[in-house]
Amino acid sequence: MRILIVEDDDDIVELLKIGLVEDGFVVDIARTGEKGSYVARTNEYDLILLDNMLPGKNGYQICKELRSSGNNTPIIIVSVQAEINDKIALLECGADDYVTKPFSLNELIARIRTVLRRPTKIESEILNIDDLTLQSSTQQVLRGKKIIYLTRKEFLLLEFLLKNKGNVVSRGMIMDHVWNAETDPFSNTLEAHILNLRKKIDIGGKRKLIHAIPGRGYKIDTHK
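The opening position of the sequence shown corresponds to residue 31 in my numbering, with each subsequent residue numbered one higher.
Think of the hints as simulated: they come from the structure by calculation, not from any bench.
Predicted model, so just to flag it, every value in this text is computed and none were measured.
Virtual Cβ for every residue (Gly too), placed ideally from N, Cα, C.
Heads up, a few of these hints could be off.
Straight-line distance between alpha carbons at most 30 Å, and here's what the computed DSSO-like set of lysine-lysine pairs gives [as the list claims (entries may be wrong)]:
(1) K254 <-> K183
(2) K195 <-> K176
(3) K117 <-> K47
(4) K249 <-> K183
(5) K183 <-> K65
(6) K183 <-> K117
(7) K195 <-> K183
(8) K176 <-> K117
Here are the simulated distance ranges between beta carbons [what the hints assert, rightly or not]:
(9) R61 <-> K236: 34 to 44 Å
(10) P132 <-> N218: 50 to 60 Å
(11) N226 <-> A140: 39 to 49 Å
(12) N218 <-> I159: 38 to 48 Å
(13) G174 <-> L121: 37 to 47 Å
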(Lines of atoms letter the chains of each structure in order from A and count residues from 1; the text may use other names and numbers.)
(Lines give C-alpha, C1' and ligand atoms only; values in the text may rest on other atoms or scores of the structure.)
Protein backbone atom coordinates (compact mmCIF):
# COMPACT_ATOMS: atom_id res chain seq x y z
CA MET A 1 0.00 0.00 0.00
CA ARG A 2 1.13 3.52 -0.79
CA ILE A 3 1.20 6.35 1.76
CA LEU A 4 1.92 10.04 1.25
CA ILE A 5 3.65 11.80 4.16
CA VAL A 6 3.24 15.59 4.16
CA GLU A 7 5.61 16.79 6.88
CA ASP A 8 8.37 19.44 7.14
CA ASP A 9 10.24 18.08 10.19
CA ASP A 10 13.17 16.00 8.88
CA ASP A 11 13.46 13.87 12.03
CA ILE A 12 9.78 12.93 11.96
CA VAL A 13 9.93 12.24 8.22
CA GLU A 14 12.84 9.86 8.72
CA LEU A 15 11.14 8.11 11.67
CA LEU A 16 7.90 7.65 9.72
CA LYS A 17 9.62 6.55 6.54
CA ILE A 18 11.75 3.89 8.23
CA GLY A 19 8.86 2.57 10.32
CA LEU A 20 6.33 2.44 7.48
CA VAL A 21 8.73 0.90 4.95
CA GLU A 22 9.68 -1.79 7.51
CA ASP A 23 5.95 -2.44 7.94
CA GLY A 24 5.53 -3.02 4.20
CA PHE A 25 4.26 0.34 2.99
CA VAL A 26 5.51 2.31 -0.03
CA VAL A 27 6.16 5.91 1.04
CA ASP A 28 6.26 9.25 -0.79
CA ILE A 29 7.33 12.48 0.91
CA ALA A 30 6.22 16.10 0.48
CA ARG A 31 7.77 18.75 2.75
CA THR A 32 5.55 21.76 2.05
CA GLY A 33 1.81 22.28 1.99
CA GLU A 34 1.76 23.30 -1.67
CA LYS A 35 3.78 20.27 -2.75
CA GLY A 36 1.66 17.95 -0.58
CA SER A 37 -1.58 19.28 -2.02
CA TYR A 38 -0.29 18.94 -5.59
CA VAL A 39 1.10 15.41 -5.13
CA ALA A 40 -2.10 14.24 -3.38
CA ARG A 41 -4.25 15.56 -6.24
CA THR A 42 -2.17 14.08 -9.03
CA ASN A 43 -1.40 10.62 -7.64
CA GLU A 44 -3.31 7.70 -6.13
CA TYR A 45 -2.66 6.92 -2.46
CA ASP A 46 -4.16 4.51 0.04
CA LEU A 47 -3.66 7.00 2.88
CA ILE A 48 -2.22 10.46 3.57
CA LEU A 49 -0.35 11.36 6.78
CA LEU A 50 -0.74 15.12 7.01
CA ASP A 51 0.97 17.53 9.40
CA ASN A 52 -1.29 20.47 10.23
CA MET A 53 1.44 23.07 10.81
CA LEU A 54 3.08 23.29 7.38
CA PRO A 55 4.84 26.13 5.57
CA GLY A 56 2.63 27.81 2.98
CA LYS A 57 -0.59 25.80 3.06
CA ASN A 58 -1.62 24.11 6.31
CA GLY A 59 -3.17 20.70 6.86
CA TYR A 60 -6.67 22.06 7.38
CA GLN A 61 -6.56 23.84 4.00
CA ILE A 62 -5.20 20.77 2.21
CA CYS A 63 -7.77 18.45 3.78
CA LYS A 64 -10.63 20.80 2.88
CA GLU A 65 -9.28 21.20 -0.67
CA LEU A 66 -9.07 17.45 -1.25
CA ARG A 67 -12.52 16.73 0.12
CA SER A 68 -14.06 19.60 -1.88
CA SER A 69 -12.58 18.15 -5.07
CA GLY A 70 -14.08 14.71 -4.35
CA ASN A 71 -10.83 13.07 -3.20
CA ASN A 72 -11.78 10.50 -0.52
CA THR A 73 -8.30 9.16 0.27
CA PRO A 74 -8.13 8.49 4.04
CA ILE A 75 -6.31 11.29 5.89
CA ILE A 76 -4.70 11.11 9.33
CA ILE A 77 -3.68 14.48 10.76
CA VAL A 78 -0.47 14.54 12.82
CA SER A 79 -0.08 17.74 14.82
CA VAL A 80 1.31 19.36 17.97
CA GLN A 81 -2.09 21.03 18.45
CA ALA A 82 -3.88 19.14 21.21
CA GLU A 83 -6.86 21.44 21.79
CA ILE A 84 -10.19 19.67 21.37
CA ASN A 85 -11.53 22.48 19.12
CA ASP A 86 -8.60 21.98 16.71
CA LYS A 87 -9.31 18.25 16.53
CA ILE A 88 -13.02 18.81 15.96
CA ALA A 89 -12.38 21.34 13.18
CA LEU A 90 -10.03 18.96 11.35
CA LEU A 91 -12.29 15.93 11.72
CA GLU A 92 -15.28 17.95 10.51
CA CYS A 93 -13.39 19.14 7.42
CA GLY A 94 -12.84 15.52 6.38
CA ALA A 95 -9.90 14.01 8.29
CA ASP A 96 -10.37 10.36 9.27
CA ASP A 97 -8.23 10.45 12.43
CA TYR A 98 -6.03 12.79 14.48
CA VAL A 99 -2.75 11.97 16.23
CA THR A 100 -1.03 14.41 18.58
CA LYS A 101 2.76 14.88 18.56
CA PRO A 102 4.81 13.42 20.15
CA PHE A 103 3.37 10.05 19.20
CA SER A 104 4.19 6.37 19.46
CA LEU A 105 5.16 4.97 16.05
CA ASN A 106 3.54 1.63 16.90
CA GLU A 107 0.30 3.35 17.85
CA LEU A 108 0.34 5.44 14.67
CA ILE A 109 0.85 2.35 12.49
CA ALA A 110 -2.02 0.63 14.35
CA ARG A 111 -4.23 3.66 13.64
CA ILE A 112 -3.20 3.59 9.98
CA ARG A 113 -4.18 -0.07 9.68
CA THR A 114 -7.49 0.61 11.46
CA VAL A 115 -8.35 3.44 9.05
CA LEU A 116 -7.38 1.31 6.05
CA ARG A 117 -9.72 -1.47 7.23
CA ARG A 118 -12.71 0.84 7.10
CA PRO A 119 -15.07 0.39 4.15
CA THR A 120 -14.21 2.61 1.19
CA LYS A 121 -16.56 5.55 0.80
CA ILE A 122 -18.53 5.17 -2.40
CA GLU A 123 -19.64 8.53 -3.69
CA SER A 124 -20.72 9.76 -7.07
CA GLU A 125 -17.98 12.19 -8.08
CA ILE A 126 -19.13 14.76 -10.60
CA LEU A 127 -16.49 16.86 -12.37
CA ASN A 128 -17.37 19.72 -14.65
CA ILE A 129 -16.17 22.72 -16.58
CA ASP A 130 -18.26 25.04 -18.73
CA ASP A 131 -21.10 22.75 -19.98
CA LEU A 132 -18.95 19.59 -19.89
CA THR A 133 -19.84 17.12 -17.11
CA LEU A 134 -18.16 13.85 -16.15
CA GLN A 135 -19.73 11.46 -13.64
CA SER A 136 -17.20 8.95 -12.36
CA SER A 137 -19.61 6.37 -10.91
CA THR A 138 -21.52 5.88 -14.18
CA GLN A 139 -18.60 6.91 -16.43
CA GLN A 140 -20.99 9.17 -18.29
CA VAL A 141 -19.78 12.32 -20.06
CA LEU A 142 -22.08 15.09 -21.27
CA ARG A 143 -21.44 18.23 -23.29
CA GLY A 144 -24.56 20.25 -22.70
CA LYS A 145 -27.31 17.63 -23.07
CA LYS A 146 -25.39 15.48 -25.54
CA ILE A 147 -23.86 12.21 -24.34
CA ILE A 148 -20.19 11.84 -25.34
CA TYR A 149 -19.01 8.26 -25.81
CA LEU A 150 -15.37 7.74 -24.82
CA THR A 151 -12.98 4.81 -24.75
CA ARG A 152 -11.62 3.77 -21.33
CA LYS A 153 -8.32 5.62 -21.87
CA GLU A 154 -10.08 8.73 -23.18
CA PHE A 155 -12.27 8.73 -20.06
CA LEU A 156 -9.27 8.39 -17.72
CA LEU A 157 -7.46 11.15 -19.61
CA LEU A 158 -10.42 13.53 -19.39
CA GLU A 159 -11.00 12.66 -15.71
CA PHE A 160 -7.34 13.41 -14.89
CA LEU A 161 -7.46 16.75 -16.71
CA LEU A 162 -10.70 17.71 -14.93
CA LYS A 163 -9.28 16.81 -11.51
CA ASN A 164 -6.52 19.31 -12.29
CA LYS A 165 -8.85 21.87 -13.90
CA GLY A 166 -7.07 25.12 -14.67
CA ASN A 167 -3.63 23.63 -13.96
CA VAL A 168 -1.03 22.47 -16.47
CA VAL A 169 -0.22 18.76 -16.20
CA SER A 170 2.94 17.48 -17.83
CA ARG A 171 3.10 14.77 -20.45
CA GLY A 172 4.93 12.51 -17.99
CA MET A 173 2.28 12.94 -15.31
CA ILE A 174 -0.48 12.04 -17.74
CA MET A 175 1.42 9.00 -19.03
CA ASP A 176 2.04 7.78 -15.47
CA HIS A 177 -1.58 8.23 -14.43
CA VAL A 178 -3.39 6.92 -17.51
CA TRP A 179 -0.97 4.38 -19.00
CA ASN A 180 1.44 3.59 -16.12
CA ALA A 181 4.36 1.58 -17.56
CA GLU A 182 2.43 -0.14 -20.33
CA THR A 183 3.25 2.33 -23.13
CA ASP A 184 6.47 3.70 -24.57
CA PRO A 185 6.68 7.25 -23.13
CA PHE A 186 8.22 8.49 -26.37
CA SER A 187 5.37 7.27 -28.58
CA ASN A 188 2.63 9.58 -29.87
CA THR A 189 -0.08 7.69 -27.97
CA LEU A 190 -0.96 10.67 -25.75
CA GLU A 191 -1.13 13.11 -28.66
CA ALA A 192 -3.43 10.74 -30.58
CA HIS A 193 -5.77 10.43 -27.58
CA ILE A 194 -5.80 14.20 -27.02
CA LEU A 195 -6.71 14.68 -30.70
CA ASN A 196 -9.56 12.16 -30.49
CA LEU A 197 -10.80 13.63 -27.21
CA ARG A 198 -10.88 17.13 -28.67
CA LYS A 199 -12.87 15.91 -31.67
CA LYS A 200 -15.45 14.37 -29.35
CA ILE A 201 -15.93 17.16 -26.80
CA ASP A 202 -15.34 20.28 -28.96
CA ILE A 203 -18.52 19.79 -30.94
CA GLY A 204 -20.96 22.09 -32.70
CA GLY A 205 -19.02 25.29 -32.20
CA LYS A 206 -18.61 24.69 -28.46
CA ARG A 207 -15.87 26.50 -26.55
CA LYS A 208 -12.53 24.68 -26.86
CA LEU A 209 -11.51 23.31 -23.46
CA ILE A 210 -8.33 21.21 -23.87
CA HIS A 211 -5.23 23.31 -24.48
CA ALA A 212 -1.65 22.33 -25.29
CA ILE A 213 0.89 24.44 -23.39
CA PRO A 214 4.14 24.29 -25.42
CA GLY A 215 7.04 22.79 -23.49
CA ARG A 216 4.88 22.15 -20.40
CA GLY A 217 1.95 19.83 -21.13
CA TYR A 218 -1.83 20.16 -21.29
CA LYS A 219 -4.63 21.75 -19.32
CA ILE A 220 -8.40 21.89 -19.41
CA ASP A 221 -9.77 25.39 -18.97
CA THR A 222 -12.31 27.79 -20.41
CA HIS A 223 -9.45 29.97 -21.64
CA LYS A 224 -5.91 29.19 -22.78
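Right, here's what the structure says about each hint:
| no. | hint | in the structure |
| --- | --- | --- |
| 1 | K254 <-> K183 | holds (24 Å) |
| 2 | K195 <-> K176 | holds (21 Å) |
| 3 | K117 <-> K47 | holds (24 Å) |
| 4 | K249 <-> K183 | holds (17 Å) |
| 5 | K183 <-> K65 | holds (27 Å) |
| 6 | K183 <-> K117 | violated (40 Å) |
| 7 | K195 <-> K183 | holds (18 Å) |
| 8 | K176 <-> K117 | violated (45 Å) |
| 9 | R61 <-> K236: 34 to 44 Å | holds (42 Å) |
| 10 | P132 <-> N218: 50 to 60 Å | holds (53 Å) |
| 11 | N226 <-> A140: 39 to 49 Å | holds (48 Å) |
| 12 | N218 <-> I159: 38 to 48 Å | violated (26 Å) |
| 13 | G174 <-> L121: 37 to 47 Å | holds (39 Å) |
When each numbered hint is compared with the structure, violations occur for hints 6, 8 and 12.
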